[in-house]
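**Q** Each chain, written out:
Protein chains: 2
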Amino acid sequence: MKKLLNDPESAVADALAGLAASRPELMVDQEHRVVTRRAGVRPGKVGLVSGGGSGHEPLHSGYVGLGMLDAACAGEVFSAPTPDRILVATRAVSAGAGVVHIVKNYTGDNLSFDMAAELAREEGIEVEKVLVDDDVAVEESTWSAGRRGTGATVVVEKVAGARAEAGGDLKAVADTARRADAMSRSFAVALRAGTVPAAGRPGFDLPEDEIEIGVGIHGEPGRRRGPLRPARALVADMLDAVLADLPETSDPVVAVVSGLGATPLLELYVVYGHVAEELARRGVAIARNLVGNYVTSLDMAGVSITLCRADAELLRLWDAPVDTPALRWG
Amino acid sequence: MKKLLNDPESAVADALAGLAASRPELMVDQEHRVVTRRAGVRPGKVGLVSGGGSGHEPLHSGYVGLGMLDAACAGEVFSAPTPDRILVATRAVSAGAGVVHIVKNYTGDNLSFDMAAELAREEGIEVEKVLVDDDVAVEESTWSAGRRGTGATVVVEKVAGARAEAGGDLKAVADTARRADAMSRSFAVALRAGTVPAAGRPGFDLPEDEIEIGVGIHGEPGRRRGPLRPARALVADMLDAVLADLPETSDPVVAVVSGLGATPLLELYVVYGHVAEELARRGVAIARNLVGNYVTSLDMAGVSITLCRADAELLRLWDAPVDTPALRWG
Numbered sequence: 001m002k003k004l005l006n007d008p009e010s011a012v013a014d015a016l017a018g019l020a021a022s023r024p025e026l027m028v029d030q031e032h033r034v035v036t037r038r039a040g041v042r043p044g045k046v047g048l049v050s051g052g053g054s055g056h057e058p059l060h061s062g063y064v065g066l067g068m069l070d071a072a073c074a075g076e077v078f079s080a081p082t083p084d085r086i087l088v089a090t091r092a093v094s095a096g097a098g099v100v101h102i103v104k105n106y107t108g109d110n111l112s113f114d115m116a117a118e119l120a121r122e123e124g125i126e127v128e129k130v131l132v133d134d135d136v137a138v139e140e141s142t143w144s145a146g147r148r149g150t151g152a153t154v155v156v157e158k159v160a161g162a163r164a165e166a167g168g169d170l171k172a173v174a175d176t177a178r179r180a181d182a183m184s185r186s187f188a189v190a191l192r193a194g195t196v197p198a199a200g201r202p203g204f205d206l207p208e209d210e211i212e213i214g215v216g217i218h219g220e221p222g223r224r225r226g227p228l229r230p231a232r233a234l235v236a237d238m239l240d241a242v243l244a245d246l247p248e249t250s251d252p253v254v255a256v257v258s259g260l261g262a263t264p265l266l267e268l269y270v271v272y273g274h275v276a277e278e279l280a281r282r283g284v285a286i287a288r289n290l291v292g293n294y295v296t297s298l299d300m301a302g303v304s305i306t307l308c309r310a311d312a313e314l315l316r317l318w319d320a321p322v323d324t325p326a327l328r329w330g
Numbered sequence: 001m002k003k004l005l006n007d008p009e010s011a012v013a014d015a016l017a018g019l020a021a022s023r024p025e026l027m028v029d030q031e032h033r034v035v036t037r038r039a040g041v042r043p044g045k046v047g048l049v050s051g052g053g054s055g056h057e058p059l060h061s062g063y064v065g066l067g068m069l070d071a072a073c074a075g076e077v078f079s080a081p082t083p084d085r086i087l088v089a090t091r092a093v094s095a096g097a098g099v100v101h102i103v104k105n106y107t108g109d110n111l112s113f114d115m116a117a118e119l120a121r122e123e124g125i126e127v128e129k130v131l132v133d134d135d136v137a138v139e140e141s142t143w144s145a146g147r148r149g150t151g152a153t154v155v156v157e158k159v160a161g162a163r164a165e166a167g168g169d170l171k172a173v174a175d176t177a178r179r180a181d182a183m184s185r186s187f188a189v190a191l192r193a194g195t196v197p198a199a200g201r202p203g204f205d206l207p208e209d210e211i212e213i214g215v216g217i218h219g220e221p222g223r224r225r226g227p228l229r230p231a232r233a234l235v236a237d238m239l240d241a242v243l244a245d246l247p248e249t250s251d252p253v254v255a256v257v258s259g260l261g262a263t264p265l266l267e268l269y270v271v272y273g274h275v276a277e278e279l280a281r282r283g284v285a286i287a288r289n290l291v292g293n294y295v296t297s298l299d300m301a302g303v304s305i306t307l308c309r310a311d312a313e314l315l316r317l318w319d320a321p322v323d324t325p326a327l328r329w330g
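Protein chains in written order, with my numbering: chain A, 1 to 330; chain B, 1 to 330.
Just so you know, these hints were derived from the structure itself, not from any lab.
Careful: at least some of the hints might be erroneous.
What the hints assert, rightly or not - Calculated cross-link-like contacts (lysine to aspartate or glutamate; reagent style EDC-like; alpha-carbon spacing at most 16 Å): (1) K2(A) with E210(B); (2) K2(B) with D209(A); (3) K129(A) with E118(A).
Stated by the list, open to error - One side of the interface only, derived from the structure: several residues of chain B facing chain A at Cβ under 10 Å: (4) M1; (5) D7; (6) A11; (7) S61; (8) L66; (9) L191; (10) D209; (11) G226; (12) P230; (13) V235; (14) D237; (15) V271; (16) G283; (17) V291; (18) A320.
Unchecked claim - Label pairs and their in silico Cβ distance ranges: (19) A199(A) with W329(B): 33 to 43 Å; (20) W329(B) with Q30(A): 45 to 55 Å; (21) A285(A) with G146(B): 43 to 53 Å; (22) E210(A) with A198(B): 19 to 29 Å; (23) A280(A) with R42(B): 42 to 52 Å; (24) A244(A) with A198(B): 29 to 39 Å; (25) E313(A) with R38(B): 26 to 36 Å.
Positions of the beta carbon are idealized from the N, C-alpha and C atoms, including for glycine.
Generate coordinates for the entire structure from the input sequences, incorporating the hints supplied.
**A** Here it is in structure tokens:
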């Protein structure tokens, strides 16, 4: 295994130390692996917490900041954070208006966040849980009951953060997040597996001419393996899968093309070009887009495509100012 | 070779098509592979052109926009753009105040930009060339006479763009760019080679436990090969190399930790943590930092560290508003 690390055991702590050094506007609680905004949460604002296994950076710590998350909990690589740590994060961002937990749909994350929510409620903090389950590749997976949560997390965190920043109450913020999730679908392909530091070898093997179609962000199997095809054909297949399940409205979409960690931007732009071309052909307008590394899987080579049907309100929330390490505009 | 492409021959054109689809504020001239700002150049503003071989994205097209470049010329992968195309870009951004060419120090780029500058001057456009040569790994290389131009290009393009935006004249903008280059040094290591699409196989082979120390952004050999060491030790060695050659002033530095294309953010933050720790130990203050993929080498795994001694004026220019695909703030 070749990685820029000191020790697999310290990978997450060392990366968080680097984030803290890079971003003085964030606070890193190393004991609990919780990242918050140094500015804190404005009294009366709904607090937003997300988190999950590490290895998906910039998710989630890279989305902590004005107009997005108030706290991110970093578990070990591909392992859910423990409930006590999520509780610490929940307390830290509770400012009297309740806290929304944004949870990718994996069994471990669900359990941890549910337990943390229960403990927080016992302390008098209202908590609403929002599940992200956008990955259409499989109905059930080795890591989840129901669809997995992947690329849509960025969209959900962005619009929920904007709604909270604009003064939305707990129900409004949670409803906005749920609506963004309901309107989003994703699909990913892997060209090469990533390597979990503690395992020291790739999570799966792929023959030199095959790809994993519908892969999950932990390297979970997808729908099938198949030959690597030209980007144009691959994108058409991926969009078939996404659009077959995407709610049909007349709204345009927010399109996110995310590298899985080891795919260069040159290739991501090639993919995005075909996404734009293919959606135009199918009469789906793209209102906004992101092309880059947004939800990754360590050093997996591959790409995910996320579409979110966005009405005027979701677009307005998408466009609202955001200031985080990984998303910044407005 | 596993890549998200259609055909090695069309890789650059397909990526530019994707960029054009993603960024309506940019214009892509596919015939000449030139990316410009749709808004054009304000009359009387110095125009800024950079460019070089493709495969280093987001360099250079990702730095076209307000407060940075006015045009980027994309050559084939790892090949300099031809003079006629640089001339097209130079004409496009000429607004009566002259044009600065920011050129990474490689023989091919030098030749092409020099020829284009000569042709532009014949048309009455004043051109100043600024060479970027920050890589301390080797004094001479297979691709260059003198030091290679790498990570400092981002710093040079940023501060020169800000100076031009603020109304600096041709000499002032070129001098600012030259000063940023003179104040910058870089050093990179590769864990795995990248693959040029047209070649179809990795540019070099590295044993499973070795890294290339001082690698260039085209996979050119560095100082030596050596064992992969813990990130902390590797960073200390890289900083030794950079600091041995960095001008000694009392100014703080802008630090850029850039992935080379296939290195995940988790590892880049581990590296940045040690950069911060080690520079603090050596009494060098970091005033600003970037951690991400800024100057890459296709799907090479590895990292570069760039330091630029920045006085108050360079910091002010660094902080000035910028709005490009890859850098955005203010």
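**Q** Let's test the interface hint: is any C-beta of chain A closer than 10 Å to that of D209(B)?
**A** With a minimum Cβ separation of about 8 Å from chain A (threshold 10 Å), the hint on D209(B) holds.
**Q** Measuring from beta carbon to beta carbon, are A199(A) and W329(B) in 33 to 43 Å?
**A** 38 Å, holds
**Q** Quick check on A11(B) please, does its C-beta sit within 10 Å of some C-beta on chain A?
**A** Holds - the Cβ of A11(B) comes within 10 Å of chain A, reaching about 7 Å at its closest.
**Q** Hint validation: L66(B) versus chain A, beta carbon distance must be below 10 Å. Holds or violated?
**A** With a minimum Cβ separation of about 13 Å from chain A (threshold 10 Å), the hint on L66(B) is violated.
**Q** Would you check the hint for K2(B) and D209(A), treating anything up to 16 Å between C-alpha atoms as holding?
**A** At roughly 7 Å apart (the allowed maximum being 16 Å), D209(A) and K2(B) satisfy the hint.
**Q** W329(B) and Q30(A), beta-carbon distance inside 45 to 55 Å?
**A** Taking Cβ atoms as reference, W329(B) and Q30(A) lie about 27 Å apart, which means the hint is violated.
**Q** For A280(A) and R42(B), compare the CB-CB distance with the range 42 to 52 Å and indicate the outcome.
**A** Since the Cβ atoms of A280(A) and R42(B) sit about 33 Å apart, the hinted range of 42 to 52 Å is violated.
**Q** Go through the hint on V271(B) and say holds or violated, using the shortest Cβ distance to chain A against 10 Å.
**A** Hint on V271(B): holds, closest Cβ of chain A at ~5 Å, below 10 Å.
**Q** Taking only the CA atoms, is the gap from K129(A) to E118(A) under or equal to 16 Å?
**A** 11 Å, holds
**Q** At a threshold of 10 Å, is the proposed contact between M1(B) and chain A supported by beta-carbon distances?
**A** With a closest approach of 9 Å, the M1(B) hint holds.
**Q** Quick one, is the P230(B) hint okay against chain A at 10 Å, beta carbons?
**A** 4 Å, holds
**Q** Can we keep the S61(B) interface hint, with Cβ of chain A closer than 10 Å?
**A** Holds - the Cβ of S61(B) comes within 10 Å of chain A, reaching about 9 Å at its closest.
Of the numbered hints listed earlier, those contradicted by the structure are 8, 11, 14, 16, 18, 20, 23.
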